[in-house]
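> Each chain, letter by letter, is given below.
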Amino acid sequence: MSKSLTDIVEHKDKHPHLNIDKDLQSQSKMKKIVLVGNPNVGKSIFFNFLSGIYVDVSNFPGTTLSITKGVYKNFTVYDTPGIYGVSSFNDEEKVARDIILDADIILNVVNSLHLERDIFLTQQLIEMGKKVSVILNFSDEVKKRKIIIDTKKLSDILGVEVIETSAVSKKGFDKIEFAIENARIGKQPHDLHELLHKTLNRVGSQAEALLVLEGDEIIAEKHGVNPGSPDDREKIYIDRRNRVNELISDVQYEDTSKGKFFNLLGRLSLNPMTGLPILAFILVLLYFFIGDLVAQRTVSFTEGIIGKGYVEYNIKSFIADYTQTKINVDVLDDEGNIVDSKSFEFIPNKKSDPALAKEFSIFSKSIGAESHFHFSNPIVRLLFGEFGAISMTLTYLLFLLLPLVIAFYFAMAMLEDSGYLPRLATMLDRSMNSIGLNGRAVIPIMLGFGCVTMATITTRLLGSEREKTITTAILQFVIPCSAQLAVIAVLISAAGFTPLMIYVIVIFTVLILLSTILNKLLPGTSSPLLIDLPIMRFPQFDNVFKKTFFRTYGFMKEASIWFFVGALVVGIMDITGLLVVFQNLLAPITTHWLQLPKEAATAFVMGIVRRDFGAAGLFSLVLTPMQITVAIITITLFVPCIASLMIMLKERGLKEGMIIWAGTWIFAFLIGGIVSQIII
Amino acid sequence: MNKKTLDKAKKGTYLTISTLPSGLVKIQLIRLGISEGDIVFCLERLPGGTIIIQKNRQEIAIGYDLAKQILIG
Ligand SMILES: Nc1nc2c(ncn2[C@@H]2O[C@H](COP(=O)(O)OP(=O)(O)OP(=O)(O)O)[C@@H](O)[C@H]2O)c(=O)[nH]1
Ligand SMILES: [Mg+2]
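From first to last, the protein sequence lines stand for chains A and B.
If you use the numbering used here, the first sequence corresponds to residues 1 to 680, in order.
If you use the numbering used here, the second sequence corresponds to residues 1001 to 1073, in order.
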């Protein structure tokens, strides 16, 4: 007994780790390459190139907000959030700081257009005594603007390798390998070096010593020393700034040629006289693209003709071959009036009655014909019936949502890539101040129209907790995500212009109301706007397509499971009679307060699972335009989807998250009801 | 020395940053490339006082509340 036990121990000693552990161990022995740079300089493109892992790339500062890890040859590579300096001013900086301290090799990505700003960080990395290579990115833009940078001289002054690249066309990427192999410790400024030596003895690493001198409290505490005073820090910073400015004037020559079209467009979009018309133009363009071209024309083709008319019809007709089915076929004219109608009953199944089946097949294919299948078997009904989990998932997901979601993500990606969003943020800054936010919050709110879940994560780029809370609440209460907006767009474009106006005005009013209340209630003050504006340009098509693809793919992957689950739940509730019970329970609210048919309650059940199903559940109802208006207002304000609830709880904590979530219930029915009482 | 603040800057003029508010904001501004004594160009002044300044090719938007704390000469 005891012998076998020691056997095991010995055995374990010989193989102290399982395979997975071994992988981890060899990975931790692998050298770490960390991509470091200011926001919006192209780090994520390099990360994608080196590791093959897709990460979002956008034309605004603050796209990457956490660390992503990948493998390149025998290195591990890390993508980091953009930072202006290594320190602990906010969460992203802390995250980045730790990984930088841990790095073996730092690839410092620099925007060559903004050397003065970016080399400041480079200089700090060098002063930290890290092995660094500098990547001068954006060389295409530099050329366009006829700026000349003496890379050789820059490399001599800094004492590290400097390579030139253009990440959008992958130019110069063949030199990355060289940059990695030749990363080294750069030249140290003399007086700082002496200062560092004193702290160095007590802290152990030059990098941490520098951070301590610069007043980093967390690192100082870790080593039990006193952090440098604010004055020390300021002195180091000003010295560094002066050194950098001097250096830049040595290596950069300009041919002052004025900016071109996009530069001008960037200016115009900020000018109060032209900025609003440009915004209006963009909104109109979006409306025609999404509201008209996709939500109307494309979807009526994909959903009506391909989805319902072909795919669903054929699947159901195939199922009917094997099970007892009653099929009603209505023939409609152009105005939607029923002009002819026939009923076919197949007992025990369609296959057993070829003659009738043939008649059905011919009649159901006449122009304007719509077939409604009623399966007797409850299981078949659950999967393929009116709310059939399979049939509904297929039609809604593939033929209704998919084209719309692609369109939304495409439009968002175009906006994200153009450099317009930070300018919009600037233009709206003052108005946002009055609701306790600064212009920066425009970015997560706009992203919310793509996906609320993703946008909730982006609130991290805001300056204070109260701004994060207000913005999260706005996202979860009033911003419909692309999938939901998609369904709303279809419903509302059928309802007309007045409902659209009512919808927009009500939602907007709620937004103002909600944020004003929160602004009053929450303690503290919000941070003022300070944002660097990226260049304005025509979106890069390959990036836009890649991003649209990955986001759509991510959406479909997640949505299909939940959609199926949601449809199944409603289906089971339908068959067991629970749905009617629930509908009757909610009836006072649905029928009296909201003045909707009681079946609308189904939409709310589905809405808890995912926002878009909520709206999708309204499709099957016959509603007047004003009822549609009330229904979509309620559904928009109603609870966010499960995924975004989870993320919100993670980002904002259990208490705050649950308050917001519960609040959406109250607001949705309250506002929906008030609107209903007024307009219906 | 007059006590003019950045939010009062005129669009289309060059101005000298004379004093930055002390503390964290100052560090942030220095990192972005703006320090005391710098000459910057006022690209735009939006209604309400959001200021866009340009230094070299870098355009930076500064909210009213912050601009108010920056002295210019
Ligand atoms: N013209 C040009 N654009 C570039 C180049 N490199 C990157 N970009 C663009 O710069 C933007 C930022 O790229 P990202 O890879 O998201 O930058 P990042 O450094 O990861 O940004 P954060 O995650 O926000 O810190 C994108 O719109 C890119 O298309 C380049 O060499 N030339
Ligand atoms: Mg990034």
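These are calculated hints, taken from the structure and not from any lab test.
The beta-carbon is built from N, C-alpha and C at its ideal position, and this holds for glycine as well.
There could be a bad hint or two in this list.
Taking CB as the label site, the calculated pair distances span [unchecked claim]:
(1) A:Asp191 with B:Thr1013: 36 to 44 Å
(2) A:Phe262 with B:Pro1021: 50 to 58 Å
(3) A:Ser620 with B:Pro1021: 53 to 61 Å
(4) A:Asn201 with B:Lys1011: 49 to 57 Å
(5) B:Thr1013 with A:Lys146: 46 to 54 Å
(6) A:Ile238 with B:Thr1013: 19 to 27 Å
(7) B:Thr1005 with A:Asp174: 46 to 54 Å
(8) A:Met501 with B:Lys1011: 55 to 63 Å
(9) B:Gly1073 with A:Lys143: 33 to 41 Å
(10) A:Thr525 with B:Thr1013: 27 to 35 Å
(11) A:Phe262 with B:Leu1024: 39 to 47 Å
> State for each hint whether it applies.
Okay, the hints, checked on the actual structure:
1. A:Asp191 with B:Thr1013: 36 to 44 Å: holds, 37 Å
2. A:Phe262 with B:Pro1021: 50 to 58 Å: Violated - the Cβ-Cβ distance for Phe262 (chain A) and Pro1021 (chain B), about 34 Å, lies outside 50 to 58 Å.
3. A:Ser620 with B:Pro1021: 53 to 61 Å: holds, 59 Å
4. A:Asn201 with B:Lys1011: 49 to 57 Å: holds, 53 Å
5. B:Thr1013 with A:Lys146: 46 to 54 Å: Cβ of Thr1013 (chain B) to Cβ of Lys146 (chain A): about 26 Å, so the range 46 to 54 Å is violated.
6. A:Ile238 with B:Thr1013: 19 to 27 Å: holds, 26 Å
7. B:Thr1005 with A:Asp174: 46 to 54 Å: holds, 50 Å
8. A:Met501 with B:Lys1011: 55 to 63 Å: violated, 35 Å
9. B:Gly1073 with A:Lys143: 33 to 41 Å: holds, 36 Å
10. A:Thr525 with B:Thr1013: 27 to 35 Å: holds, 30 Å
11. A:Phe262 with B:Leu1024: 39 to 47 Å: violated, 34 Å
The structure is inconsistent with the numbered hints 2, 5, 8 and 11, although it conforms to all the rest.
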